[in-house]
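Asker: The residues making up each chain are set out below.
Number of protein chains: 2
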Amino acid sequence: MSNPVLVEVTRGNLVESRHRGAVVAVDGEGHTVFSLGDTDAVIFPRSACKAMQALPLVESGAADAYGFGAKALALACSSHSGEPEHVALAVEMLAAAERDVGALECGAHWSSDQKTLIAQARSLEAPSALHNNCSGKHAGFVCTCCHSGTEVSGYIGYDHPIQRQIRGVMADLTGAIFARDNCGVDGCSIPTYAVPLKALAHGFAKMATGFGLEPERARASKRLIDACMAEPFYVAGTKRACTRLMKTAPGRIFAKTGAEGVFCAAIPEKGIAIALKCEDGTTRAAEAMVAATLARFFADEPEIRAALMAQANHAMSNWNGMHVGDVRVTEAFAI
Amino acid sequence: MSNPVLVEVTRGNLVESRHRGAVVAVDGEGHTVFSLGDTDAVIFPRSACKAMQALPLVESGAADAYGFGAKALALACSSHSGEPEHVALAVEMLAAAERDVGALECGAHWSSDQKTLIAQARSLEAPSALHNNCSGKHAGFVCTCCHSGTEVSGYIGYDHPIQRQIRGVMADLTGAIFARDNCGVDGCSIPTYAVPLKALAHGFAKMATGFGLEPERARASKRLIDACMAEPFYVAGTKRACTRLMKTAPGRIFAKTGAEGVFCAAIPEKGIAIALKCEDGTTRAAEAMVAATLARFFADEPEIRAALMAQANHAMSNWNGMHVGDVRVTEAFAI
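If you read the sequences in order, they're chains A and B. Residue numbering for the first sequence follows the working numbering, starting at -10 and increasing by one per position. Residue numbering for the second sequence follows the working numbering, starting at -10 and increasing by one per position.
No lab work stands behind these hints: they were computed from the structure. Among the hints, erroneous ones may be present.
[Stated by the list, open to error] 25 Å max Cα-Cα, derived DMTMM-like pairs, lysine to aspartate or glutamate: (1) A:228 <-> B:114; (2) A:228 <-> B:102; (3) B:228 <-> A:114; (4) A:236 <-> A:74; (5) B:60 <-> B:18; (6) A:104 <-> B:215; (7) B:104 <-> A:94; (8) B:259 <-> B:215; (9) B:104 <-> A:114; (10) A:104 <-> A:87.
Please model the complete structure; the sequences and the hints are all you need to start from.
Answerer: Here's what the structure looks like:
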């Protein structure tokens, strides 16, 4: 099936660009409570599933052994902007396991946030792996290996114990298959697996509700989701969508983006989770889609609903600050 | 009609993201020689029509009066990266009309090219309007006004003589309507008008061939197109698609991108021009589409064809330099 147009970008009185996509919200039992587009199609969750990938860090006892609080757990689930606080915390996490930047295998890149990039350009010769948006997740992998006495080197490889462990966790959560056939390599070099969009949402609904999970996994899941909601800055950064969405209803919304237009989210108290993919991989559209989908579940709280819809539908300005158009979700969301 | 998927982005063995769009190639008489998708739909050409907007600079005699060579004319048609050579030439153009950065009304922004942005961050407190990717076009407007004795201030406004003149030129070239109803405001604050994709292509085919144009307009059009092809660095910048495409067959291909996934191109010797719009506004897809479309017209020159197809279909690497997937045009181009 063809995915519907879910987001339009206007200029003057006309629509200039259109984004298609698929969105699904499910409960802990896996029942669909809202959907648009082809939710059975497989998508790469990319960084949107980092909270799932962080489960071994908690379940292994490494997080406790190294004294990690909510900030470190949030950073382990993050795609951060490389702001000084993010970088310092990644250093701290590695130091707890007596490691440093040399252990990280994620590669280096400048911040994708312009203000942070400018500050980095003025203070650094070049970025290191600590500045990589995935350095918190990778620090978590390193700590998990160190705690269990597993060789750290090569931890990004498909056959390394930590990646095998992650496959097991994600298969349990989503009920999907994790194997060579549906495996790609992520930006930070670890394996990423294409899964049905609905299965991804179900995995997050199980994390958010504990439904169908062993008690230890349910506890670890709650701890990670709670950590992200408690420390939203450490999940993304200044002015970033994940951080902003979680701040809209503190402690009540979990939200995590992934590259190529993916977003996962959950509202634990309502027992639901959301997964979505913008077909063309565009971030601005995925952000609008997740905000509009979350807003549906706050129909009885007009202030939160309005704050979320203001993130779904918003004005765009040009270099002189003139209003030139809008990003807005389409009538498809009116169902 | 629904636009077909024209570009796929893969990861591992799977397609991760898909881009739809419309493409048309026409000759000077306006006959379609190749098309995909809805080519009657209106699109905002944005910066892709800068060569049209530069016609008053040449036709008014301002370019000659100020001694502008191919580099300055190319910069007047450019969306440049704000590299030092671009900025210096914009200063020079303004100085020829005894003006400076203070005359520019385009607003300021840091370079969108990361390497240039890092250099700017290290040498500048903040960017000026000279660093705006449109500063060459705006310098051209300022010079046109100065030469004719028109008040410069307010030259970005819908009712200013230079914008009225541009509407007249573009209506003559495209046969489309240019009025308030189909007008939006561009990133650099001048009016931009939604026109049918095919009409835009026809306008460039007329510029590239002179077909149906008054002799003076035909000469000015040839001079601008030739200037861009002769000085492709000044149309965009280091590693940019427009520059690269024009360098693939020096003096034979004209190519100019616009924001939100637009590309216009021409092959004067073959008497055709191309216009395309990626429905979702993504640059990577528009670049693949224009390269694949240009390649069709070099079927009898395998080296050029291969060089263009290598720009249409190319590998993507991650932060560690590992091959993670590809950008590729779809079978839709096989017609």
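Asker: Work down the list of hints and note, for each, if the structure agrees.
Answerer: Going down the list of hints, with the structure as the test:
Taking the CA atoms of residue 228 (chain A) and residue 114 (chain B), the gap is near 22 Å; set against the 25 Å cutoff, the hint holds. About 22 Å separates the Cα atoms of residue 228 (chain A) and residue 102 (chain B), which keeps this hinted pair within 25 Å; it holds. For the hint linking residue 228 (chain B) to residue 114 (chain A), the alpha-carbon distance of about 22 Å falls within 25 Å, and the restraint holds. Taking the CA atoms of residue 236 (chain A) and residue 74 (chain A), the gap is near 18 Å; set against the 25 Å cutoff, the hint holds.
Taking the CA atoms of residue 60 (chain B) and residue 18 (chain B), the gap is about 30 Å. The hint is violated against a cut of 25 Å. For a cut-off of 25 Å, the pair hint linking residue 104 (chain A) to residue 215 (chain B) is broken: about 39 Å separates their Cα positions. Annotation: proposed proximity of residue 104 (chain B) to residue 94 (chain A) holds, straight-line Cα distance about 24 Å (limit 25 Å). Note on residue 259 (chain B) and residue 215 (chain B): the hinted pairing holds, with a Cα-Cα distance of about 15 Å set against a maximum of 25 Å.
Restraint check: the Cα-Cα separation between residue 104 (chain B) and residue 114 (chain A) comes to about 13 Å, which is no more than 25 Å; the hinted pair holds. As the CA atoms of residue 104 (chain A) and residue 87 (chain A) are separated by approximately 32 Å, the hinted pair breaks the 25 Å bound.
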